[in-house]
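Start from chain A and add chain B according to the hints.
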Amino acid sequence: MKRSTPRYQYSFFSEPEVKDSYDVVIIGGGVHGLSLAHYLAKSGITDVLVLDKGYIGGGGSARTTAILRSNYYTAEAIPFFRESLKLYENLSADLDLNLLFDQIGRLDIGHSESAIYGLQTRADFNRLLNVESYMVGPKQISELVPSMDLRENKLYPVMAALYHPPAGVIRHDAVVWGYARSAKNMGVHIVPFTKVIDLIINQNSIKGVKTSDKEIAAKLVVNATAGWASTIAEMAKIRLPISTHPLQVAVTEPLKPFLDTTVSSANLHVYAYQTDRGEVVIGGGVDAYPSYNMRSGLDSIHHLVSNTLKMFPALRDVRLLRQWSGLCDMTPDYAPIIGPVNDVDGFILTCGWGSWGFKAAPMAGKCVAELILTGKTPELIRPFKLSRFNNGKMLNERASAPAAAVH
Amino acid sequence: MSKAMRTVRFPSGELIDRLKPIEFTFDGKKIEAYEGDTLGSALAAQNIKVLSRSFKYHRPRGLMCVSGQCPNCLVEVNGSPNIRACTTKVKNKMNVKSQNRWPTIRFDLLSILDKLDLLLPVGFYYKSFYRPSLLWSLVRPLFRKAGGLGRINTESTKTSEKAHKTMFSDVAIVGSGLSGLSAAIAAAEHGSKVSLIEKHDYLGGNNKDVEENELITKVLSNKSISVMTGTPVFGFYPPDIITLDTPEEMIKLHCKKIILATGCHEVPIIFENNDLPGIMSATGTIKLLRLYGVIPGNNVVIITETNTGYTQALELQSYGLNVVAVLDSRDKTDSKTIKLVNQADIPFFAGVKSIKAVGSQSIKNIKFDYCGEWYYLDCDLTCYSGRLQPALQLALQAGCSTEFDANLNTLIPTSPPNGISLTGGLIGITDKDQSIKHGRSVGIAVAKDKGDIHLSLQQDTTKKIEFENLSSRKGFICYCEDVTSKDLSQAVKEGFTDIQILKRYSTITMGPCQGKMCLTNFLRESSVMTGSRQAELGLTTLRPPIEPITLGSLAGPGFIPVKRTPLHNIHLELGAKMVEVGGWIRPYSYTDPYKEVSAVRNNVGVIDVSTLGKLDIRGRDASKLLDFIYVNKISNLKAGRVRYGVMCLENGTVLDDGTVAKLSDNRFFVTTTTTNIEAIESWFKWWLAADTNLDVKIANVTSELAAINIAGPNARKILQDLTTTNIETDEFPYMSAKQAVISGVSSIIMRIGFVGEIGWEIHFPSVYAEYLWGKLYSNNVNAFGVEAQRILRLEKGHVIVNQDTDSLTSPLEIGLNHIVRSPKVDYVGKNQIHQHHNRGVKRKLVGFKIDGKTPTPKDGAAILHQGVPVGRVTSARRSSINQNPIGLAILPEDLCVQNQEVLILINEELYLATVSLEPAYDPKGIRLKE
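Sequences listed follow chains A and B, in order.
Okay, so the first sequence: first residue is 1 according to the working numbering, each after it adds one.
Okay, so the second sequence: first residue is 1001 according to the working numbering, each after it adds one.
Chain B extracted, bound-state conformation:
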C-alpha cells in the first residue's frame, strides 16, 4: 500500500487501540485497521470513499450518517449481505465485499442508468413495458438483475440462531445520550433498578463528548444501573415488551417503566447530487475524528440551516481541517456566532438560496446561489448540519401521538401513555444543559412514580428558512430507493396527494432505512408540494423492526419436539423404515407391507401403537361427561366392556374417534387418534370447565403408557402363555377390556379389531415397553408397520378420521347413523347433526374396488361421473386378497349404491371403479369374534 493513498490518522481516537493492528479485505484488497475500528472508519482511514452502489441508478455511495441509519455503506461481510459498515466492528480477517455492482465498485456498468434518469421517473415501470403483454415478461428478468442489493449463499444450511430470553426490568432507558445517561443516574439515585440500553457499542450517543464521558463514568460505577451496549431495541410490543437484539441473545424485556431517550439525528439537506461520497452528516464526521481518529477529508464545506453548523465548523477546524466555508440558508445569524467564526477566520455565506454538488466518484466542489450569482468552492468533504429528525419509531409504537415541533421544524412524539416517558432530542431538546436537566427530572419522576413533568424549554425563535431545491433532478429524498425531489413532485402532480399512497407510489420510506433518513424530508417536501401543513399530512405507520434484525435472531433456536415411542430403538434394530405420522416417528414397514399383512391374516403380528392418545378418566360423573362429548351413548356401557366412540364439534362435524373402555364404575380408559391427543385433552377439559360441579378427573397418560397390538389367528396362544387371565372368548369376548398381568407387567388389555383379526391391544407402563415387546415378538411372530395396518383396515373398510373425513364430514356421512343419539338428549354437535339429517345427506364415504391389475389410485385422486369431477378417493391400496385396488371415497349420495360405476383419475388415465358397500375382507366380522 502506497503511503500517499493514506489520509493521516490521528495518533489516538477514543475507541481504537493503536497497539492492536488487525486487517481485513475489501473486495480482495488488504485493509489495515485497529481494534475498535468499524469497517466504515477503517475504510475511511484508507481514503476509500465509494462503498456501495445505489438501488436504482447504481450511483456511487459512501459513508454518510456514520450511525447505522442510511443504506449507503451496506456491504457483504463473510457472505452475509446488507451489513452496515459504519457500525460493524472490524474483526481480524473479515472478508468484506461491495454489493450491487458489476464488475467493480469503482466502475459499475449499470451506472449508465444514472444518465437515463429522464426515462426512468417515479413509477416509470407502471407506464411502460405492457404492450404487447409479452413485453413485461421479457423485461422483468433485467429488472430483477438490476434490483436487489446483497446476495445470499443458497448453499448454506447452517441454522445457528440466537437464543431467546425473557427478562424483566423496573426502569428501562433506551438511548444513552446526555438525557438518557442523566435519567439513568437520577432514577438509580432515587432507588430504581435501571437497564440502560444502547444500540452502539459504546455509551454516549451520537455526540459523545466531554459531558457525556463524565456521565458515563458515573453510570458505570453505579451498581443499580445495568448497561447493555451493542443492543438495538427493534420493537415495542404491547403491553410492556421491548425487544432487544443483543450480540448474543434476543431478549424480550418486560418493563414496568420505559424512558425513551432515543434522540434525534441529522438528516440530509436536499440539493443536487446530495448523495455523492464525501457528503456526510457533520455529527458523523466529528464522530470519525473524535472516536476513531480518522480524517475523512481535508477541505470541508458546511451546509446548514441552524447555528449548529457554525459550532460544528469550529470543532472541525479544531481537528485541523480547513473549513472552506459555511453555507447558511438563513439571511441572518446571531452576532455571537458571527463573532466566533470571524475570530476563527472561517468564511460564511448567509442567505444561500440553492446548492449543487459536483463530482463523479466523490465530491469535488460545491456550487451555490448567493445573491443571484453562482459560486464554486473546491472541497473533498461536505457536511450537512442541523436538519434533525427525532428517532420517534419506538415512541409511536409505544402509543404516543405526534405534534409539530417548532424547534426541530418537524414532528415529535407527544402524549406518552402510562409507563412511558420521553426525554432529550426525541422531543426536540437540542441544548446540552437542557438535555441533562430534562433527563434528570424524568429519571427522578419515574423513580418516584410521579406523573408528568413540566419543564419550560427554551424555544428557538429564529425564523426557519430552508434551502430551495424543490424538484431537483438528482436531489435525493430517499437514498434507499433513489427517489428524488423531482420524483416526489411528479407523483403529487399525478394525484397522489395523500401521504400513504404517495409513499406507496414513490416508495419513499420503504427501503432499508425504513424512513430514518427520509421521513422528515418526505413530510416537508410533500407539505410544500401538496399545499398542506405538515401537521395535517399525517404520518405513515412506523413498523417494527425499528432496527434491522436477522431472520436467524428472530427465529431463535428451532424447537420442534420429535415424538418417538418407547420402542423406537427396537424398530431401528429390526431394520424398520421409519415415517412421520401426526408428529410421531413410526415404522412404515419392517420388510414388505404385504408380507406383514399376510402374517397378520394367517398367523400373528405385533404392532407398536404407543402413539394412540390415551386418557384416564375417573370420577362419579365421568360417564355423564362422556355422554355429553360423544355422539353415542357411553353411560350404558357395562364395566369391562369397550365401545367405539365418535365425537363432533359444535357444528356437527367429526372431530375424533377411538375406543372407550369402562374399567370400573367410575373409571374409563379412552383412546384417541394419534395426531389429535393434545386437542382432545383440551376439548375434554374445556367441556369439563363448562360444568364445574362435575366430579371428573382427566389424566393424559399417552406417554406414560406404551401400547402393543397383537393380532391374528394365533394371537391368543401367544398372549395366553404370558398371562394367567383367561382370554378365551367366553371369558373375554370381542369388545371387552380387563386389567391383567402380562408377563409380570400390569396392563389394560382390550379385545378390539381395527385390523380385522382377533387381537388384543395391550396398554402398560412404557418403562416395560422393550421388555414386553421382547416377550410378544419372536421368530414366529411378525412385526408389522403402519402401511400394513392401513391395508388391513382398508380391507375392512374402517375409517381413519382426517384421512377419510374432512372439515365438513358429519357422522351421518360415514355410516354412523346407528350410533347417533336422538335429539332428545344433549351432546356436542347435536343440533347441527339433526339439521343435517333433516336436510338429507348429500354425500357419503363408501368403499370402491377396481377389477383388474390397474395402477392403484393415489390418496386424493379425483373421481368423475358423466365427465364431471364429483368426488375423491380418500384412501386406496392394493388389496392383499386379489391384488386389485380397493379403497374409500367420498361421493355424492345418489352414487353411493352397490356396483355404481364411476371413473377414477390415475396417472392421467381414467379407470372404471365400482362402488362396494361391503368390506372386501370378512364382511360379517366373524374372524374378530372367534
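Chain A extracted, bound-state conformation:
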C-alpha cells in the first residue's frame, strides 16, 4: 500500500519510516494519544512516535457517541472537564478543520425524587464552579424537547431535569483526524497496525517498547490506550484498578430534525441525541460483566431500545440502522488515572477513561504534555493520580457515567 500522497492542506496521513529511538513513544493512536502528540509537538517536543495496534482512531475514539459536557459531580472533576470543553470550543480553529461541534445542550432527566436529588447537587456544584447548569421543570423540558413523552401518569414520568447548555456533540472521527494531521505536520510519526508486545524496562526505568516488528528506544512511554490499558500496564508489572466492560450503542435511520439536544436518563440507563444527518444515536450503560468482546449483544440492545421508547414513544416505527459496542476501562470511582507511576520512571499513564474519555481528550493531552515538559503534574489532573486508590482519596465521580452502573 505504498503510495505517495501529495502534501497539501488536506493530507491527513502519511507513512513514516519508524526510527530506532524517540524521545516519547505514545501507545494508543486514539484521541488521547493524538491529542497528547499534538500538544507535545506544539510545545516543541516533536521526536514523538504514536503506535496503534489497529487503524488510527479505531478503538474507543471510533465507537464513542461523542457527547461533550462538563456537568460532573465532584469538585475535582468539574474544573477539569470545564477546561476541556473550553478547548473543544476553539478546536476547529486550532486544528483548521470543522469538527462539527454542535453545542446543543444536555438534559439529564430525573424520573424519581432520588434522581432529582443527585441532579440538584450537580446543578449547584457546577454553577459554583462556573459551569452553566441548572434545574428545569417539565414546562421548560417540553420547550427544549417537544418530542418527549411528558405524560404524568406513567412509569418513569419526566419530573425535572438538569440542563447544561454548553454541552454538545462533535464529529469524533474528525477530532482524531485533525489531531493526527496537526501532529503529523509538526513531525510526529503516527504508525497504525503496529502492536506493542512488551515494554523495555531496566532498573525501574523505562527504556523503550518492543513491537511485533522491532525494539524502539524511548525516554518516556505513555500508556494512552483504552480497553487494553491494564494489559499494557501489566507489562510494567503495574496492576491498575480497572475492569473493562463493553458499552452498547445503536443508531437509527436518518430522520428529519425532531430532537436538538442530548437527553440522558440515569434511571433508564439510556441517552440519545439526533445527529446533523438525522440519525438518532442511542447509548446506554456498560454491560454488567467485564469482557474484551466487542460483539453486539441482543439483550443490551433490547433494553436500550425499550428504554428509549419510554421517553420517545414516537420512535417505535423507526428502524434501527446498526448497533455496535466499544470497550470502557472502568475505575472504581468513575474517574480517570493520569500521571506518572511511582514504580517505573518514565512511564506515564493517561487511561481509565471509562465512558468519559472523549470529552476529556484535549485537556488530558494538554496536561500530560505539560507534565512531560515541566516534570510537574498540573493542578487540574492532580486528583487523578493512581495513588489515590491506596491513600483513600477516591473521587466518587458517579456522574461521569450516569447511564452506567457497574459497581
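Don't read these hints as lab results, they were simulated from the structure.
Hints are not guaranteed to be accurate.
Sample of chain A residues facing chain B (criterion: CB under 8 Å; computed from the structure) [claimed, not checked]:
#, residue
1, TYR10
2, THR46
3, LEU97
4, GLY118
5, ASP276
6, ALA288
7, HIS302
8, ASN391
9, ARG398
Take a look, some chain A residues computed to stay more than 10 Å from chain B by CB distance [claimed, not checked]:
#, residue
10, PRO16
11, ALA41
12, SER43
13, PRO165
14, ILE201
15, ASP213
16, LEU220
17, GLN323
18, THR374
19, ARG382
20, MET394
C-beta: ideal position from N, C-alpha, C; glycine also.
For chain B alone, coordinates are given in the frame of chain A:
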C-alpha cells in the same frame, strides 16, 4: 386517471390477484393496485418513476434493486417513515407519501444542490464554515433541514410493540432460492426437522422461476419443513441465536445447525448518472414482469460484465420488451451466447469502455464509448446485470472469514464454524444446476451430521473486464449517502487509504442499505485507487441488524412490574397522594404531612411499611452467617431481642441497613430497605454459597408479609386492645420482638422507633392486610405517609441508606463507629473499614439547622465554606417543632463540630446554617423507651 398514463400490465403475474383490485394514495393521488402488489410494483404499473429524493443532492430516485436493499424507494406509509416500497405489500387505503422533498417529489427546490456538487465534495463540511466559529452554528440548521429522510409523528404515544418469543430448531435454513430450497428438501428427506426462513413474502428468492416453483411445491408438501416467509433474519448472536422479525413477533431462534443460503444480488455498475430512475437491476426488472405483471419500460438497454446480461436480454425480449442493445465491458463473448442473441436479433457491443446515462427525471438515453467513439441509444429502461455481491452479513456475524472469489470477483464467506454451513450464491455458485446440487449435498451432510462437503465447482475462467468509470462526477458508489466515485478518489488522495477510515470519511456503507448496495463497488474502487489487492484491503464490520428492524419490534412489549402493597386500595380510598419510591407505589400523604407528623407526635399514627424487605433466616448457623455479613455482632443477640444492623460491601462502603430480630435460637427475622431487597437477598445467598457447610435457609418473605407500623403516645392502648400479649415495657421493652396474635392474626411484632415515638412494627400474612388495617385504623388514629415519616425520622437524625449515604460512605462516616467490630473477627468489608479508620475519616454525615423561616434547602443542595463548595445536603425538611429547616449533610470532618457555621445554597441565595450534632427531637430517646 387517463389511460395514456398507464403502462400496460400483463393479464397475470404470479403474485397478484387480478380479481381483487385495491387502491391507495401516493402523495394524495389515488393509485389502483391488485392484491399481492407491492407499493413498488403498483407505482411502476402506473409509470410513476420518481419515488424519493436522495440524501445529499436531492436527486430523483426510483425503483432500483426491487429486493428491499437499496434506499431509493423509501417512502412514508401511514405516518411511518423510511419504508421500502419495493417489498411492502399494498393494503387497501394505505396513505403513502414521498420523503425528503419540498414542495413536491417531481419538483424539489433542494435539487439545486445537485448542480452545486463541485462545492460539496466528500467531507466538504469538514473544510468549511468554521471561521469565524459562529458561522457553523448559523449554517448547521440548514444542514439539519436538508439532511434526514422521513419524518416521525412526535404526537404519537402509542406503544404497540411486537411480542417476543424464544424458539428452538434442529436445522434452520436462511434463504429460499434454489440452494436453500434444495437443502431444505434434502435435510428433511434425511430425517431433520427444518425451519426454512425467507425474508420475502414468497419462497423462491430473487430469481423465482420454473425450477424454483417445482422445489417450492415439494417444500410445501413436506411436513418436516416449517416455512416462515416475510421473515427477515436480522442478526446472528452467539452462541446459536438467529433473530427473526416475523410480521407478528420477534423470535430468538436457537439453532443446532444453520444453513446459510442467503444468496447474492446484483449491485449497480458505476457510470455517470447511474442512479437515474429507470435504471434498475436486471433481476429486479424480470421480477416485476414475472411476479407482478408490470412492464417498467418498453425500450431497454442492458449493461453487463458477464454472460448473464445476454440471457437476461433474451428473457426481457420474451416478455415483449424491445431490447435496444446489450453493452458488454468485455472484448469477447463466447460463441454460444453470440449465436443466441443474433438469432433473437438483439444488437450488442462488446468491449464498451465507458458509459453515461442521460435524463432529468428518468432515463432518456445511454451514451457509450465504443472503439473510441461515443454513441447514443434512446431508451426508457436500463438494466445493470451481472455484478454480484453475496449477502455475507449473517455468515460473517456467525464467525466466517472471507476470501476473494474469482467467480464473483469479490469477497465471499469461508471457513464456517461448527454448526454453520454455506451454500448457493452466497459462496459464489451462480449456475442453477450447481446451486441445486450443492444445496442438496449440504442438506444431506447437515442431516447426517457429516463434516465438510467438497464439491468441485465450475470456475468461470473468462477474463474479468470492468467498465472504466473511475472518478466519475455523478457515478454513485453509495446511494444512501450520495457518494460518487470521484469522492472516493478524493478521499484516497487525502491520505485515507485504510478501508475503515475511508468508510468513516466518505460515509460509504453507513446509510440505510448498510453496505448491501455498495460494499462490492467500494472494495473494488478502493483497491484500484489505493493500489492494494482486494484481499489485502480487509472489510469493515457488518453489524446487526442486517435487515432494518423497528425499535418497536426490538423493544417488545414493555414489562416493568409495578410494586403495590396489599393495602394499595385502602390508600386510594383514603384519598392518599401516591408516589413512587424504590419501585413501590406508596402514599406520599393523606392530608397534610405536618398534620400527620403532629398526630404521631401527640396521639397515634399508622403507616403501611409492607414495602420493607423481609427475610426469614433459619438454621443452626444462621447467626454465624449474619455475623459475617453485618459489621456489627449479631450472635450475642438474645432470643426475643431486635438489633439495628448495617452491612457493607467488600470495599467497606455501606450497602444496606435494617433490623435483625432473633425470634428463637435458630431463627432470625431480617428487614432491609425498601429498594434493596432483591440485591440483599442475592447478597446473603452469595455469601452462603461461599461456605456450603453452613446450615442456613433463607426465604424472601417480602410479599408474603404485610407490615404496619403503629406509633405515637397512644399506640400502646390501641394495640393492647387487639392482643392478649402483654406489651407493657416490662414485658416488651424497646428493641424487642415477639410472635403474637393481633386480632386473630398471627404476627411478628417488633418494638422499634424509626419515627422517634413509642411504636410497634407488625408483620403478618398479607392476605389479612386490609382486615388488620381496619382494626388498627379508626377515627382516632391517623394514617401517615412517607413524607411525614421522612420528617419524623429527620427530626431524630435517623439515616436512610442511599439518601444520606453514597457509593463511598463508610459506616465510620455516619456515626456508627460504636457498632463496627474490631479487626480480630472477620466480616465483609472489615479490611477496608479498618484501613479507613487508620487513615482517618475525612468527611462525615451530620445534622444541621437553619435559624429563621428561610426556604428549605433542596435535597442535594451544595454547602459552601469560605467560598468553596465543600459538601452537600442529603436530606432537609422544615422541622415540625419550630418550622425552621433542619437536615442532614455530608461535610468535611473538620467542619463537623457543634455550631460550626456553613452556607447553604437555596434558590441562588446563600443561607447561614449551623452544624448540630444532636437530633432536633428528643435527643435522649426517652419517648421511645416509655
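Looking back at the hints listed earlier, which ones does the structure fail to meet? 2, 6, 17, 20
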